[in-house]
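Number of protein chains: 4
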Amino acid sequence: MAGNSFGNIFKISTFGESHGNALGVVIDGMLPNILFDFNLVQSDLNKRKPGQSKITTERIEDESFEVLSGVFEGKTTGAPITLIVKNKNQNPADYNHLKNVFRPSHADYTFEQKYGFRDYRGGGRQSARETVARVLAGSVAKMVLNDIGISIRAFVSQIHSIKLEKNIEQIDFSEIENNIVRCPDDETANKMIALIEQVKAEGDSVGGIITCVCKGVPVGFGEPVFNKLHAELGKAILSINACKGFEIGSGFDCVSMKGSEHNDLFEINKNQQIATHTNHSGGIQGGISNGMDIVFKAAFKPVSTIKQNQYTLNTSFENIEFKAEGRHDPCVVPRAVPIVEAMTAIVLLDYYLLNKVYC
Amino acid sequence: MAGNSFGNIFKISTFGESHGNALGVVIDGMLPNILFDFNLVQSDLNKRKPGQSKITTERIEDESFEVLSGVFEGKTTGAPITLIVKNKNQNPADYNHLKNVFRPSHADYTFEQKYGFRDYRGGGRQSARETVARVLAGSVAKMVLNDIGISIRAFVSQIHSIKLEKNIEQIDFSEIENNIVRCPDDETANKMIALIEQVKAEGDSVGGIITCVCKGVPVGFGEPVFNKLHAELGKAILSINACKGFEIGSGFDCVSMKGSEHNDLFEINKNQQIATHTNHSGGIQGGISNGMDIVFKAAFKPVSTIKQNQYTLNTSFENIEFKAEGRHDPCVVPRAVPIVEAMTAIVLLDYYLLNKVYC
Amino acid sequence: MAGNSFGNIFKISTFGESHGNALGVVIDGMLPNILFDFNLVQSDLNKRKPGQSKITTERIEDESFEVLSGVFEGKTTGAPITLIVKNKNQNPADYNHLKNVFRPSHADYTFEQKYGFRDYRGGGRQSARETVARVLAGSVAKMVLNDIGISIRAFVSQIHSIKLEKNIEQIDFSEIENNIVRCPDDETANKMIALIEQVKAEGDSVGGIITCVCKGVPVGFGEPVFNKLHAELGKAILSINACKGFEIGSGFDCVSMKGSEHNDLFEINKNQQIATHTNHSGGIQGGISNGMDIVFKAAFKPVSTIKQNQYTLNTSFENIEFKAEGRHDPCVVPRAVPIVEAMTAIVLLDYYLLNKVYC
Amino acid sequence: MAGNSFGNIFKISTFGESHGNALGVVIDGMLPNILFDFNLVQSDLNKRKPGQSKITTERIEDESFEVLSGVFEGKTTGAPITLIVKNKNQNPADYNHLKNVFRPSHADYTFEQKYGFRDYRGGGRQSARETVARVLAGSVAKMVLNDIGISIRAFVSQIHSIKLEKNIEQIDFSEIENNIVRCPDDETANKMIALIEQVKAEGDSVGGIITCVCKGVPVGFGEPVFNKLHAELGKAILSINACKGFEIGSGFDCVSMKGSEHNDLFEINKNQQIATHTNHSGGIQGGISNGMDIVFKAAFKPVSTIKQNQYTLNTSFENIEFKAEGRHDPCVVPRAVPIVEAMTAIVLLDYYLLNKVYC
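Residue numbers (the numbering used here), protein chains in the order written: chain A, 1111 to 1469; chain B, 1111 to 1469; chain C, 1111 to 1469; chain D, 1111 to 1469.
Among the hints, erroneous ones may be present.
If several chains are the same, the list does not tell them apart, and a pair holds so long as it fits within one copy or across any two.
With a straight-line Cα cutoff of 27 angstroms, these simulated DSSO-like cross-link-like pairs (lysine-lysine) come out [as the list claims (entries may be wrong)]:
{"no.": "1", "residue 1": "Lys-1433", "residue 2": "Lys-1325"}
{"no.": "2", "residue 1": "Lys-1368", "residue 2": "Lys-1273"}
{"no.": "3", "residue 1": "Lys-1310", "residue 2": "Lys-1273"}
{"no.": "4", "residue 1": "Lys-1157", "residue 2": "Lys-1301"}
{"no.": "5", "residue 1": "Lys-1164", "residue 2": "Lys-1301"}
{"no.": "6", "residue 1": "Lys-1368", "residue 2": "Lys-1301"}
{"no.": "7", "residue 1": "Lys-1466", "residue 2": "Lys-1164"}
{"no.": "8", "residue 1": "Lys-1273", "residue 2": "Lys-1159"}
{"no.": "9", "residue 1": "Lys-1276", "residue 2": "Lys-1368"}
{"no.": "10", "residue 1": "Lys-1325", "residue 2": "Lys-1380"}
{"no.": "11", "residue 1": "Lys-1466", "residue 2": "Lys-1185"}
{"no.": "12", "residue 1": "Lys-1209", "residue 2": "Lys-1310"}
{"no.": "13", "residue 1": "Lys-1325", "residue 2": "Lys-1466"}
{"no.": "14", "residue 1": "Lys-1185", "residue 2": "Lys-1196"}
{"no.": "15", "residue 1": "Lys-1310", "residue 2": "Lys-1417"}
{"no.": "16", "residue 1": "Lys-1273", "residue 2": "Lys-1185"}
{"no.": "17", "residue 1": "Lys-1209", "residue 2": "Lys-1159"}
Derived from the structure by calculation, the hints contain no laboratory data.
Please read all numbers here as calculations on a predicted model, not as lab measurements.
All chains, full assembly: derive it from the sequences and hints.
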């Protein structure tokens, strides 16, 4: 109930606070006998890491991980896999200025009201640092997905009003990591980077959209009527800090289309496979994958922490003026790319395993 | 796993096919000693009912319900409540023309591939008729929510390109049921109705957006980090047939705002309550309700069943031309309003009960 | 949470009261494309049926069932299967004498305290009539288990101090249904029957032990460390009304054995299969089936309802004298045999499906 | 599904192998704002610790623990609590002799068959060392139970044929820790100890029974019909390594009693409280606690590891002779006492929280 676990068969339980001893995850239900890819985990962690470029926070956090259980002789055993990243140099005193303030659009107020008590050090459990554990788990999920030919690629498709004007078919996924904003089009990326730098200089923040494309998902993933594949993906993605919206396939654009335009007509494609002529369904029909690319988008809000004076309340419910200190991301979207991939991987592996029941 | 149950404490298990004997729900975890409001259930069913107006399908389905268990002397007992709606006049022969076709953008293909076998009568379990059970369960949830002062009102805010141009504050919720499209503005409603009628005449279909506003939700509902309130609402809503997108508060519009515009500043409002100056958070911060109105939107695609010739494949994977027979909704959005309310009620009651642990 | 569902992949939700409209079950996660064996269900129901012999209650309850969903053209579809048995001739007035009394060793007191309100008609939800739904679900589980070569046979091995003095190897399972007490040894059965008749004449009741043997379970069922196969079986069996104890393999007898006696030595048996020389493990090692027969026992208490005067409290907490009216079982054990089989089938199918993940 | 988590609201996920880096637990759903009692945890760990007396294994394992998350300023925060115990001096080479053998009555064979691969170091995940994590979680549960007046005391009531001949009422619980076998009667304890020493000298092992008494449990814990309190306790206890049987209240002895003897008559006791005259129900009626002491027993088999030659198979399925090396417990029962208490505490806290829904 307490909501720190996710998944059905591939089940993860995450833990840790921004400034506690460690963050981590226990992964139950991982297939045994799979080579544990240490490099993949580290590579994914590095994409989420703070301080990775001039458009992220300059704060450096150590992101090396340890394996506490579940791996023997380099392979998974079927026992729970526990991975942790230790926090370094926690100095709670650095956060005393947050102790008595309810920061605007943060979860300080709701956490204190719900739990009656709050770990105020860098946001404690509400901090986006929590997503380290998601990335760890996602990397483990990918170890199996890679084996069965499923790839997941997320990228930044919009920052503020700067949009990537390409169809999915036009995108070269190998370009995603070519720039620090993770937009697979250098010209658009440069505009995005310039905007983020400008916003940073203003002490402000900006949001954006991440698009995710999953290739190689076979027909059959999804458990209607409530655990439809896109519904579970939606929950997984909406649970990421700062995410405000999720859409599958045509998404909100479907509203201004007619059925005759929107329907995906079945056909035998040039590879002699069953396919649909268009993919407004985003690869999922009736809640079950149909073999086409799974395509979804997620909206991320501008970071709440800004270096400008804002009115708010303190914990005595008095009006105060507050301005954030320290180093913060002006735009969290590029660093959210590996998190979106991780949550997607977790869902896809879980639903792959659920679907094995029908084999 | 098999995904026909939903919820944690207030847990529902739905069943039934479009043309089986009955549809229904078993509700486990309902509070005992609550007056069972038969009229509320029937009233909600009637809002979902086919044939209710000229812009819905003309097909008449009986929507009277029976209570099989869990209610004694007019009150809930704490035992599982089972409610069913019987289907009438099922004639499978009427559906023989669907037996061997994969209709475009329906789940015929994915169901047959996943389960190896398909109840083709009116779509079987994939039919939107399944949502009868959701409405039944939602009405039961409302019996408690009403008692604790929580109201849920959904309405149609867009059909194709016709938008309701009103802020939440400007809306008179009592107007929702004043017109058959469930848009709380008669002028806009009339335009929507005219458009739907025109689309119907063309044998086509059209989609739209439903906005939902929950008032009276206290601070504290939501179970981070995975079971954030808006993540669970997102899953609940995205699991409804034809839903393609979900957004909370500012949603996708957050992307083009800066942090300094988007942040909801805390203040003491005119009623001497803690409030936020704006509500871009949509009533949820850090995944936990903050006492403000919960506001979200959902996109519904144009119905897949249209009375136009379309290319598709049959179950022998041959190209065929297909045109739907019978009577169908040109626009499902007005009838989806009670379904959105029902799923919202189910989530809110469940999270209310989860939050009682902290009392 | 509310505890009326059971299982992980093969998940059942039961409902209904002793004197409500109907009892039944929704089965989610049943494999599709399985022939639905109507005769098997009816046959199992008949074994549980009251009034089946002179040693059960003389009360006649109708046990014919209806299929509300999930079966199409005689086969399962993968959609939830709903089965119900309607109650007949409920006359709540017949139970007015139970309204204000807390019967000894019944759940009247605990239900009223927990839920604040109680369906007193024949015990409502606490009645053993609830087990009708378990038998319905168990029969469905057996439809798959039969296909994969797993058989489950339970029988009465003790009534009061009359024990069946046979090893598992000596038992002819085809004899179980040869007598009304379901003990596969006519001589012992006759003694048991005579004892039950005598106890019935005294207005008293008597308990007993059921032994269950599962053959054909392959190696690998069980999910350590908490969902060990015998732990789940234990929960399933202990949840049956009147069950007070569960033991696997050697059970409580293991206490007076030494390790050198108790250890099951691995060997290649005469059929050239891996086996253990003895089976004190009861077919489960480390929580996982090892391919040997699964053997467990369950203790059932003497029925609480007796036709003798007993002191107790009424709902105003005053001392009263109470004597049960109506017709009741002097011994519930023979009728519990199909219930034990049903719960075992439900667990075994669920764990079979869970284990498919590793295929 | 993968079975390394347990509980509904108070939910634990355990991890770790006998000779991995660490064992531990993530506890989700702990109440916030509770003083974290470090001494209680260490005290409970010490009761489970190997090498604590002459009748346990002489192997010394370090049992100091670390808190990785969920505790801030000495109090629980409502975030997941992670506790670990690091393993020391793992030398896999010490276990090479186990690599290719299926030890009798161990889980070597079933693990290797199920997972296709086995961590053979000291049994890996199947080792009873896994129970360290259960004790850690149980201690946390007790922090709340102590506050609400619930106490749990387990003790050894039988070793082989040496029984504690006292009623529950005659037991002085403060005597449990007076001797190394944890039997609250010194004379009986001495006999037990002598027997264990003798068995140890023979290179053999012996089993026993643990009785557990829970005082102060209010009326209302338990979620019928499947999650009856004693059914969940049964599962919890049966999931402990070496446990072969569980009985509540009168248990298997109920079989030879008549209803007129077995029924617990309600009365107002000398403290003017509602009580039952006897407690054959073991404090649970209809699956719900009735306010009386909860009393259950569990049977533990003689340890499988003995220092005698035994026939078995190696992993090539050849007959071999095997004799255990190293230091092992001749009797695991005294060390299982804190484990039984821990699992009981975990269940009781979980069901307390579940019951809060009805407040």
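Going through the hints against the structure:
no.	hint	result
1	Lys-1433 to Lys-1325	neither (44 angstroms within a copy, 31 angstroms between copies)
2	Lys-1368 to Lys-1273	both (25 angstroms within a copy, 16 angstroms between copies)
3	Lys-1310 to Lys-1273	within (19 angstroms within a copy, 35 angstroms between copies)
4	Lys-1157 to Lys-1301	within (21 angstroms within a copy, 49 angstroms between copies)
5	Lys-1164 to Lys-1301	within (14 angstroms within a copy, 50 angstroms between copies)
6	Lys-1368 to Lys-1301	between (34 angstroms within a copy, 16 angstroms between copies)
7	Lys-1466 to Lys-1164	neither (45 angstroms within a copy, 45 angstroms between copies)
8	Lys-1273 to Lys-1159	within (25 angstroms within a copy, 42 angstroms between copies)
9	Lys-1276 to Lys-1368	both (23 angstroms within a copy, 25 angstroms between copies)
10	Lys-1325 to Lys-1380	within (17 angstroms within a copy, 51 angstroms between copies)
11	Lys-1466 to Lys-1185	both (22 angstroms within a copy, 21 angstroms between copies)
12	Lys-1209 to Lys-1310	within (25 angstroms within a copy, 59 angstroms between copies)
13	Lys-1325 to Lys-1466	both (19 angstroms within a copy, 25 angstroms between copies)
14	Lys-1185 to Lys-1196	both (23 angstroms within a copy, 21 angstroms between copies)
15	Lys-1310 to Lys-1417	within (9 angstroms within a copy, 54 angstroms between copies)
16	Lys-1273 to Lys-1185	neither (42 angstroms within a copy, 47 angstroms between copies)
17	Lys-1209 to Lys-1159	within (26 angstroms within a copy, 40 angstroms between copies)
Hint compliance for this structure: hints 1, 7, 16 are not met, and every other hint is.
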